[in-house]
Amino acid sequence: MTQNEDLKFGCVVQGAASYVSKQGSVYAPGISAETVGSKVVFLGIVTIPPEGRTKAHLHAHHESAFYLMSGDEVELCTGEQLEHREIAKPGDYLFIPAKVPHVAVNRGKTPAVFVGVRNEPTAQESVVMLPALDALVP
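Each number in my numbering comes from the position in the sequence shown (counting from 1) with 2 added on.
No lab work stands behind these hints: they were computed from the structure. Keep in mind it's a predicted model, so treat the numbers as computed, not measured. Cβ atoms here follow ideal geometry from the backbone N, Cα and C, with glycine treated the same way. Among the hints, a few may not be true.
Each computed EDC-like pair below joins lysine to aspartate or glutamate, with the alpha-carbon atoms no more than 16 Å apart [what the hints assert, rightly or not]:
| hint | residue 1 | residue 2 |
| --- | --- | --- |
| 1 | 57 | 82 |
| 2 | 57 | 77 |
| 3 | 111 | 74 |
| 4 | 101 | 82 |
Pairwise CB distance ranges, derived in the manner of DEER restraints [what the hints assert, rightly or not]:
| hint | residue 1 | residue 2 | range |
| --- | --- | --- | --- |
| 5 | 136 | 10 | 18 to 26 Å |
| 6 | 13 | 140 | 23 to 31 Å |
| 7 | 11 | 111 | 42 to 50 Å |
| 8 | 87 | 12 | 18 to 26 Å |
| 9 | 15 | 131 | 42 to 50 Å |
| 10 | 88 | 10 | 37 to 45 Å |
| 11 | 126 | 16 | 14 to 22 Å |
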(Lines of atoms letter the chains of each structure in order from A; the text may use other names.)
(Lines give C-alpha, C1' and ligand atoms only; values in the text may rest on other atoms or scores of the structure.)
Protein backbone atom coordinates (compact mmCIF):
# COMPACT_ATOMS: atom_id res chain seq x y z
CA MET A 3 0.00 0.00 0.00
CA THR A 4 1.33 3.40 -0.89
CA GLN A 5 0.56 6.56 1.00
CA ASN A 6 -3.12 7.53 0.77
CA GLU A 7 -2.49 11.13 -0.37
CA ASP A 8 -6.08 12.32 -0.52
CA LEU A 9 -7.47 10.17 2.33
CA LYS A 10 -10.76 9.56 0.50
CA PHE A 11 -10.77 5.82 1.22
CA GLY A 12 -9.89 3.46 4.02
CA CYS A 13 -7.08 1.02 3.40
CA VAL A 14 -5.41 -2.20 4.50
CA VAL A 15 -1.75 -1.81 5.44
CA GLN A 16 0.88 -4.54 5.70
CA GLY A 17 3.14 -2.21 7.67
CA ALA A 18 6.54 -0.68 7.10
CA ALA A 19 10.08 -1.79 7.89
CA SER A 20 11.05 -1.92 11.56
CA TYR A 21 13.49 0.59 12.99
CA VAL A 22 15.19 1.23 16.33
CA SER A 23 13.86 4.43 17.86
CA LYS A 24 16.20 6.92 19.48
CA GLN A 25 14.82 5.86 22.86
CA GLY A 26 15.88 2.26 22.14
CA SER A 27 12.73 0.25 21.41
CA VAL A 28 12.03 -1.38 18.05
CA TYR A 29 9.09 0.11 16.14
CA ALA A 30 7.20 -1.60 13.30
CA PRO A 31 4.86 1.09 11.95
CA GLY A 32 1.44 0.10 10.67
CA ILE A 33 -0.56 3.31 10.48
CA SER A 34 1.49 6.52 10.28
CA ALA A 35 2.00 9.69 8.30
CA GLU A 36 4.58 7.83 6.24
CA THR A 37 2.54 4.68 5.50
CA VAL A 38 -0.94 6.08 4.82
CA GLY A 39 -0.78 9.84 5.26
CA SER A 40 -2.30 9.78 8.75
CA LYS A 41 -2.74 13.27 10.13
CA VAL A 42 -3.14 12.40 13.83
CA VAL A 43 -2.58 8.71 14.65
CA PHE A 44 0.41 6.37 14.79
CA LEU A 45 -0.34 2.67 15.37
CA GLY A 46 2.27 -0.05 15.32
CA ILE A 47 4.07 -2.87 17.07
CA VAL A 48 6.73 -1.92 19.62
CA THR A 49 9.24 -4.44 20.95
CA ILE A 50 11.72 -4.29 23.82
CA PRO A 51 14.26 -7.14 23.66
CA PRO A 52 14.76 -9.56 26.57
CA GLU A 53 16.33 -7.75 29.54
CA GLY A 54 16.37 -4.57 27.41
CA ARG A 55 15.13 -1.10 28.23
CA THR A 56 14.38 2.25 26.76
CA LYS A 57 16.50 5.28 27.49
CA ALA A 58 14.96 7.95 29.72
CA HIS A 59 12.83 10.31 27.65
CA LEU A 60 9.56 12.18 27.37
CA HIS A 61 7.19 13.00 24.54
CA ALA A 62 6.96 16.78 24.18
CA HIS A 63 3.61 16.99 22.41
CA HIS A 64 1.77 13.69 22.45
CA GLU A 65 0.23 10.97 24.58
CA SER A 66 1.09 7.31 24.07
CA ALA A 67 -0.81 4.15 24.94
CA PHE A 68 0.32 0.53 24.75
CA TYR A 69 -1.17 -2.93 25.09
CA LEU A 70 1.32 -5.59 26.21
CA MET A 71 0.59 -8.59 23.96
CA SER A 72 3.40 -10.91 25.00
CA GLY A 73 6.50 -11.17 27.13
CA ASP A 74 7.04 -11.76 30.83
CA GLU A 75 6.87 -8.43 32.63
CA VAL A 76 7.79 -4.84 31.92
CA GLU A 77 8.58 -2.28 34.60
CA LEU A 78 7.30 1.20 33.73
CA CYS A 79 9.14 3.98 35.56
CA THR A 80 7.58 7.46 35.34
CA GLY A 81 7.77 10.83 37.07
CA GLU A 82 10.27 13.67 37.31
CA GLN A 83 12.86 11.33 38.89
CA LEU A 84 11.35 8.10 37.50
CA GLU A 85 10.16 7.40 41.04
CA HIS A 86 6.74 5.93 40.19
CA ARG A 87 7.13 2.27 39.22
CA GLU A 88 4.57 -0.28 38.09
CA ILE A 89 4.80 -3.77 36.61
CA ALA A 90 2.88 -4.61 33.43
CA LYS A 91 2.15 -8.17 32.35
CA PRO A 92 0.63 -9.45 29.10
CA GLY A 93 -2.95 -8.21 28.84
CA ASP A 94 -2.19 -4.90 30.61
CA TYR A 95 -2.53 -1.44 29.10
CA LEU A 96 -0.02 1.37 29.70
CA PHE A 97 -0.66 5.11 29.33
CA ILE A 98 2.01 7.82 29.16
CA PRO A 99 0.88 11.45 29.16
CA ALA A 100 2.77 14.11 27.22
CA LYS A 101 5.74 15.67 29.03
CA VAL A 102 6.08 12.80 31.56
CA PRO A 103 9.62 11.35 31.86
CA HIS A 104 9.63 7.58 31.55
CA VAL A 105 11.63 4.39 31.03
CA ALA A 106 10.32 0.91 30.20
CA VAL A 107 12.41 -2.08 31.29
CA ASN A 108 11.80 -5.62 30.04
CA ARG A 109 12.53 -7.66 33.16
CA GLY A 110 11.90 -10.93 31.32
CA LYS A 111 13.80 -13.45 29.22
CA THR A 112 11.51 -13.07 26.18
CA PRO A 113 10.77 -10.04 23.97
CA ALA A 114 8.08 -7.69 25.29
CA VAL A 115 5.73 -6.99 22.37
CA PHE A 116 3.21 -4.16 22.49
CA VAL A 117 0.59 -2.64 20.25
CA GLY A 118 1.36 1.08 20.52
CA VAL A 119 -0.70 4.09 19.55
CA ARG A 120 -0.05 7.80 19.88
CA ASN A 121 -1.58 11.07 18.74
CA GLU A 122 1.55 11.95 16.75
CA PRO A 123 1.49 10.34 13.30
CA THR A 124 5.15 10.50 12.27
CA ALA A 125 7.66 7.69 12.69
CA GLN A 126 10.17 10.06 14.30
CA GLU A 127 8.02 11.41 17.09
CA SER A 128 8.53 14.42 19.39
CA VAL A 129 10.95 12.65 21.74
CA VAL A 130 13.14 14.56 24.19
CA MET A 131 15.97 12.42 25.53
CA LEU A 132 16.78 12.73 29.27
CA PRO A 133 20.22 11.12 29.69
CA ALA A 134 20.67 12.54 33.21
CA LEU A 135 17.84 10.23 34.39
CA ASP A 136 19.15 6.98 32.87
CA ALA A 137 21.19 6.00 35.93
CA LEU A 138 18.09 6.18 38.16
CA VAL A 139 16.73 2.92 36.72
CA PRO A 140 18.87 -0.22 37.10
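Status of the given 23 to 31 Å range, CB of residue 140 versus CB of residue 13: violated (43 Å)
Satisfaction of the hinted span 42 to 50 Å by the C-beta atoms belonging to residue 11 and residue 111: At roughly 43 Å between Cβ atoms, residue 111 and residue 11 fall inside 42 to 50 Å, so the hint holds.
Straight-line alpha-carbon gap residue 111 to residue 74, limit 16 Å: Since the Cα atoms of residue 111 and residue 74 sit roughly 7 Å apart, the hinted pair holds (cutoff 16 Å).
Restraint check for residue 57 with residue 77, where alpha carbons must lie at most 16 Å apart: holds (13 Å)
Restraint check for residue 101 with residue 82, where alpha carbons must lie at most 16 Å apart: holds (10 Å)
Proposed proximity, residue 82 with residue 57 (alpha carbon, max 16 Å): Distance of about 14 Å is within 16 Å: holds.
Cβ distance range 42 to 50 Å for residue 15 and residue 131, holds or violated: violated (29 Å)
Outcome of range test on Cβ distance (residue 136, residue 10; 18 to 26 Å): Between residue 136 and residue 10, where Cβ atoms are some 45 Å apart, the hint is violated.
Distance restraint evaluation - residue 126, residue 16, Cβ atoms, bounds 14 to 22 Å: holds (21 Å)
Cβ distance range 18 to 26 Å for residue 87 and residue 12, holds or violated: The hint (18 to 26 Å, Cβ to Cβ) is violated, given that residue 87 and residue 12 are roughly 40 Å apart.
Hint check for residue 10 and residue 88 - Cβ pair distance inside 37 to 45 Å: Cβ of residue 88 to Cβ of residue 10: about 42 Å, so the range 37 to 45 Å holds.
The earlier numbered hints that this structure contradicts are 5, 6, 8 and 9.
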